[in-house]
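Residue numbers (my numbering): 11 to 163.
Rather than coming from a laboratory, the hints here were simulated on the basis of the structure. For each residue, glycine too, the CB sits at the ideal point set by N, CA and C. Please note that a few of the clues may not be correct.
[Said to hold, decoys possible] Calculated cross-link-like contacts (lysine-lysine; reagent style DSSO-like; alpha-carbon spacing at most 27 Å):
(1) Lys84 / Lys163
(2) Lys163 / Lys85
(3) Lys155 / Lys85
(4) Lys153 / Lys84
(5) Lys66 / Lys153
(6) Lys85 / Lys153
(7) Lys66 / Lys155
(8) Lys155 / Lys84
[Stated by the list, open to error] Ranges between beta-carbon positions, derived for each pair:
(9) Val162 / Ser64: 36 to 44 Å
(10) Pro119 / Asn97: 20 to 28 Å
(11) Gly73 / Glu133: 26 to 34 Å
(12) Leu47 / Gly121: 30 to 38 Å
(13) Thr136 / Glu114: 14 to 22 Å
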Amino acid sequence: MRSQAFIVSLKQIAFIPASLLAIGISSTAALAQVNKLYNPIPLPGSYEVSDTLSEKDIPTGQGGFARDYMVSLKKGDNLAVDLSSENFDSIVTLLGPDGTTVAENDDGPDGSSNSLLFTRIVEPGTYIVRVRSFGETGVGTFKLKVTRLQPVK
Numbered sequence: 011m012r013s014q015a016f017i018v019s020l021k022q023i024a025f026i027p028a029s030l031l032a033i034g035i036s037s038t039a040a041l042a043q044v045n046k047l048y049n050p051i052p053l054p055g056s057y058e059v060s061d062t063l064s065e066k067d068i069p070t071g072q073g074g075f076a077r078d079y080m081v082s083l084k085k086g087d088n089l090a091v092d093l094s095s096e097n098f099d100s101i102v103t104l105l106g107p108d109g110t111t112v113a114e115n116d117d118g119p120d121g122s123s124n125s126l127l128f129t130r131i132v133e134p135g136t137y138i139v140r141v142r143s144f145g146e147t148g149v150g151t152f153k154l155k156v157t158r159l160q161p162v163k
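Given only the sequences and the hints, what does the whole structure look like? Please build it.
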């Protein structure tokens with residue numbers, strides 16, 4: 011009788027760690043899926059990219075797509091972000107380290123559907139430069155250039 015009670019107790023003790031292990035594995039799998047879904051691309055050292063926006067990129071919910079690039083910026087950096095495409099109406103957005111929109115531009119000053127924005131960085135950190143198409147204008151090749159402007163002396 012005692013041995014039967016002992017075996018039942020062992021089964022209950024073994025069940026708890028097995029349940030916790032299963033919960034831990036499912037949490038890790040869920041986290042891995044999230045990380046797989048969103049991977050901003052590090053902006054190369056030249057701060058220039060020629061790339062292609064495709065239907066495999068981030069859907070905007072407006073029929074278009076977006077692609078994100080990471081860049082480390084310092085407090086006081088003055089930036090010009092230039093985005094051009096002959097295939098779609100471009101919008102460029104700079105997102106801060108906390109995910110808020112720092113600056114955004116739809117059409118450049120030349121009246122084209124290319125984008126150009128200027129901004130000053132007030133908080134150091136990793137920023138996201140988001141390239142996206144306006145509405146359902148689609149996909150295609152683009153050029154992105156981030157320039158750190160030097161103050162006039």
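The hints, checked one at a time:
no., hint, in the structure
1, Lys84 / Lys163, "holds (20 Å)"
2, Lys163 / Lys85, "holds (19 Å)"
3, Lys155 / Lys85, "holds (20 Å)"
4, Lys153 / Lys84, "holds (24 Å)"
5, Lys66 / Lys153, "holds (18 Å)"
6, Lys85 / Lys153, "holds (26 Å)"
7, Lys66 / Lys155, "holds (22 Å)"
8, Lys155 / Lys84, "holds (17 Å)"
9, Val162 / Ser64: 36 to 44 Å, "holds (40 Å)"
10, Pro119 / Asn97: 20 to 28 Å, "holds (21 Å)"
11, Gly73 / Glu133: 26 to 34 Å, "holds (33 Å)"
12, Leu47 / Gly121: 30 to 38 Å, "holds (37 Å)"
13, Thr136 / Glu114: 14 to 22 Å, "holds (18 Å)"
The structure meets every hint from the earlier list without exception.
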